[in-house]
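Protein chains: 2
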Amino acid sequence: MVKVEVLRIGHRIIRDVRVTTHCALVARAFGAEKIIVTGEEDKSIEKTVKNVASSWGGNFKIKFSSNLKKEVEKKKKEEFTIVHLTMYGEKLEKKIKELRGKKKICLVAGAEKVPAWIYSESDYNISVGTQPHSEIASLAITLHEIFGGKELTKKFSKAKIKIIPQKKGKKTENKKKKAD
Amino acid sequence: MVKVEVLRIGHRIIRDVRVTTHCALVARAFGAEKIIVTGEEDKSIEKTVKNVASSWGGNFKIKFSSNLKKEVEKKKKEEFTIVHLTMYGEKLEKKIKELRGKKKICLVAGAEKVPAWIYSESDYNISVGTQPHSEIASLAITLHEIFGGKELTKKFSKAKIKIIPQKKGKKTENKKKKAD
Numbered sequence: 746m747v748k749v750e751v752l753r754i755g756h757r758i759i760r761d762v763r764v765t766t767h768c769a770l771v772a773r774a775f776g777a778e779k780i781i782v783t784g785e786e787d788k789s790i791e792k793t794v795k796n797v798a799s800s801w802g803g804n805f806k807i808k809f810s811s812n813l814k815k816e817v818e819k820k821k822k823e824e825f826t827i828v829h830l831t832m833y834g835e836k837l838e839k840k841i842k843e844l845r846g847k848k849k850i851c852l853v854a855g856a857e858k859v860p861a862w863i864y865s866e867s868d869y870n871i872s873v874g875t876q877p878h879s880e881i882a883s884l885a886i887t888l889h890e891i892f893g894g895k896e897l898t899k900k901f902s903k904a905k906i907k908i909i910p911q912k913k914g915k916k917t918e919n920k921k922k923k924a925d
Numbered sequence: 746m747v748k749v750e751v752l753r754i755g756h757r758i759i760r761d762v763r764v765t766t767h768c769a770l771v772a773r774a775f776g777a778e779k780i781i782v783t784g785e786e787d788k789s790i791e792k793t794v795k796n797v798a799s800s801w802g803g804n805f806k807i808k809f810s811s812n813l814k815k816e817v818e819k820k821k822k823e824e825f826t827i828v829h830l831t832m833y834g835e836k837l838e839k840k841i842k843e844l845r846g847k848k849k850i851c852l853v854a855g856a857e858k859v860p861a862w863i864y865s866e867s868d869y870n871i872s873v874g875t876q877p878h879s880e881i882a883s884l885a886i887t888l889h890e891i892f893g894g895k896e897l898t899k900k901f902s903k904a905k906i907k908i909i910p911q912k913k914g915k916k917t918e919n920k921k922k923k924a925d
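Top to bottom, those sequences are chains H and P.
Just so we're aligned, residue 746 is where the first sequence starts under the numbering used here, counting upward by one.
Just so we're aligned, residue 746 is where the second sequence starts under the numbering used here, counting upward by one.
Isolated chain H (complex conformation) (with noise of 0.2 Å):
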């Protein structure tokens, strides 16, 4: 199976607080193993998304950093297929069966400002539709398509809760912690 993280681009705080935490969820959601926030290190998205982890299970990471280029680099080197989601670039549903053969790859979602050497140094310029919408609807359907529709089962381990799905209503399971 294809190893993705994503790669969140130019975060501001206060401004972006949710969106970069809605996008840090799908990743996570939608069978992402990490995700790289750059731009202002917001400690509180850090800890929001460590709570859910910690208590919906799995192994998924949030890390700050302050140099973009150095973090496409990194990936570069790591041997990550660099795709940026943006609606200027090649369709996704022409480009997803390409896309199912990698490795490994790098999605990079942009914000209001994406400096003009992503378009180039990206290996892929992916749009979900050609309308403008949202970065965090981009990343869920391409992570949808990617994975075709397996993530939406992905087992997360360890997990002190889990939904047991309802008609009705909200039933949850939850395991207690072992006294020490």
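Watch out, some of these pointers could steer you wrong.
Copies of one chain are not kept apart here, so a pair can be met inside one copy or by any two copies together.
No more than 20 Å apart at the CA atoms, straight line, and that leaves these computed lysine to any residue pairs for SDA-like [unchecked claim]:
hint, residue 1, residue 2
1, K842, A856
2, K849, S800
3, K842, G894
4, K806, E816
5, K840, V747
6, K814, L897
7, K858, R763
By construction, these hints were calculated from the structure, which means they are not laboratory data.
Got chain H sorted already, so can you dock chain P onto it with the hints?
Leaving out everything else, chain P in the frame of chain H:
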């Protein structure tokens, strides 16, 4: 083709402005015809969404309402199937075939607090994965699955701007306004 509208509930000014805007733009870009936002009326979102619709084409509508119950009752009278998106619901992948057979669907996208009656009044409670993530992602994936990916190539009438997909960089086609 199934007619879809979106009901975004519990909007709060400032705090939810970007998430609700993303919901509205995703609704439009992924083939819904209208979004009804309940909660606090927010002219800034209405303006953003109308501006996008004016430049990028199509007939997408946005409406605010302070009365959620009335809006749900109205959709029921208009014979919409009410589909509440919640991580506690039945799995999307198990219900998608049924949903594709409906004529009219109203997708309810939740907020921080969802009144309990929404669960019982909805025809379906549907989860996109059973992990916490984002109502924007749930909305995008559900629309993508309902329309089977065809929404990504939807034509928007009277568009002033169109994107010409590129391997690298940005290219748009701008239709000039006719002189009076």
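Hints, verified against the model:
1. K842 - A856: neither (26 Å within a copy, 35 Å between copies)
2. K849 - S800: neither (27 Å within a copy, 37 Å between copies)
3. K842 - G894: both (14 Å within a copy, 15 Å between copies)
4. K806 - E816: So K806 and E816 pass the 20 Å test inside one copy only (15 Å; across, 41 Å).
5. K840 - V747: Result: close within a single copy only, 15 Å intra versus 27 Å inter.
6. K814 - L897: Neither: 32 Å inside a copy, 31 Å across copies.
7. K858 - R763: Result: close both inside a copy and across copies, 17 Å intra and 16 Å inter.
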